[in-house]
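Engineer: Listed below, chain by chain, are the residues.
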Amino acid sequence: MNWDIIIKYYPQLLEGALLTLKLVAVSGIIGVMLAVPMALLRASPSPWVRVLPFCFIYFFRGTPLLIQIFLIYYGASQFEAVRDSVLWVVLKEPYWCAIIAFTLNTAAYSAELFRGAIQAIPKGELEAADAFGMDWLLKTRRIVLPRAFGIALPAYGNEVVLMLKSSALASTITLMDLTGMARTIQARTYTPVELFTAAGFIYLLMAGVVIGLFRFMENRFNRYQYYKPNVDQMGVDKP
Amino acid sequence: MIDLHGFGHLLLAGTWVTVKLALVSLFFGLIFGLLGASAKLSKYKFLRWMATGYTTIVRGIPELLIVFAIYFGGSALLMSVASLFGYEDYIEVNPFMAGVAALSIAFGAYATEVFRMAILSIPQGQWESAQALGMTPAKTFSRIILPQVWRVALPGLGNLFQVLMKDTALVSVVGLQDIIRQASTAVSSTNEPFTFYLAAACIYLVLTAFATAGTLWMERACTPQARYKG
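Respectively, the protein sequence lines represent chains Y and D.
Heads up, the final residue of the first sequence is numbered 239 in UniProt numbering, and it's a clean run with no missing numbers.
Heads up, the final residue of the second sequence is numbered 230 in UniProt numbering, and it's a clean run with no missing numbers.
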């Protein structure tokens, strides 16, 4: 192990880590915004409404992310119409292509998670909302979404960690994320062991922070699950 | 219909490489998973500690980084070992081997958790009754526990195999001639990236559909009680 190499290139690796975080954060936020309506459609009772999100989810969950990135980054340039349109401003940038690919990918995976959460809401709560005369919109806003959020939170935390890991694929379309940075530097210095260990360490650290963050959120939003009344001090309520 | 300009056979050759890579990695990954799960449930603290380190590290870093580390780091490591014996030439790791190593390590880390949960789901009484019949722990594990673990673990392993199938795409980055690599070759001579990458994506969809069907069939095959109708 040559520690000097790691110390020398650490600032650059951190710069790459920053890009990784940016990719994950931007595509994660847009992905959730797409996933929520898709999950609602997917949980609909009508098969005609379900079919479109189903095809989208099936395609993005059934193919490798690498292919999706290539399809968007290289594939879009095949069509004259795309190259002449305003879209090309966005689609010629590897950064935006990576964002689009990650967004659609994570939207597909999270939509499936959210659908599971929506369907896991106890039926009685929805019936109670109906009994209060809530219409679909009010019921969705006040009951379904807040409940589904709590149920989906732990699984969504996993999805974010997976997204952090798959963001390494951005390096295949010339982006200088953490993996790309490590790969570029090692091509210059021929010290793969040192650089990939250092990069792996930073990834572990980031994954740890994400896991900690979600655990904190779960403790806050799903507090009722962890709530233990202090029976001893209340004295009277002891069963 | 999609016009493949006569590159269809290349894609098929790539598909075969992908399938081989996935199956070989599955085999070694299952071994890693079983070893990891046994270590996690072992009574020796050191083994438990090792297995926890393995799953934590592997599940926290990207698969692509593992592929790179094994492909580039492996050749650096082999060269430094070889230089001790006076061999100074450049040694290149075979991308297929590097791919198998990386993917089975990654698969094994997730499979460890699946196997651990499955082993824990077998009631303790079965261990005790096997012991009462005079079976050694190793025999109990292979004859009593493992056949039942298999059944509990199958759905989880099926999901992991889907992930593995898609992760094989990563090995194309270090030069393995799999579906994606062959599609890129076709792209560079026809200049039709969308067509070929879409074709590659469709092949993956077919492969994952087959994997799902295979898992469902195996699940049915090993749960006779689910097939029994009155």
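Hints in this document: simulated from the structure, not taken from any laboratory.
Quick reminder that beta carbons are idealized off the backbone N, C-alpha and C, glycines included.
Treat each hint with caution, since some may be false.
Stated by the list, open to error - Some chain Y residues near chain D, calculated using beta-carbon distances under 8 angstroms:
id, residue
1, G62
2, P64
3, I67
4, F70
5, L71
6, Y74
7, Q78
8, K165
9, L169
10, G200
11, Y203
Engineer: Look at each hint and say if it fits the structure.
Structural biologist: Structure-based check of all given hints:
1. G62: 5 angstroms, holds
2. P64: At about 4 angstroms, which falls below the 8 angstroms cut-off, the nearest Cβ of chain D leaves the hint on Y:P64 intact, so it holds.
3. I67: 5 angstroms, holds
4. F70: 5 angstroms, holds
5. L71: 5 angstroms, holds
6. Y74: Where the cut-off is 8 angstroms and the nearest Cβ of chain D is about 4 angstroms from Y:Y74, the hint holds.
7. Q78: 4 angstroms, holds
8. K165: 4 angstroms, holds
9. L169: 6 angstroms, holds
10. G200: 4 angstroms, holds
11. Y203: Hint on Y:Y203: holds, closest Cβ of chain D at ~4 angstroms, below 8 angstroms.
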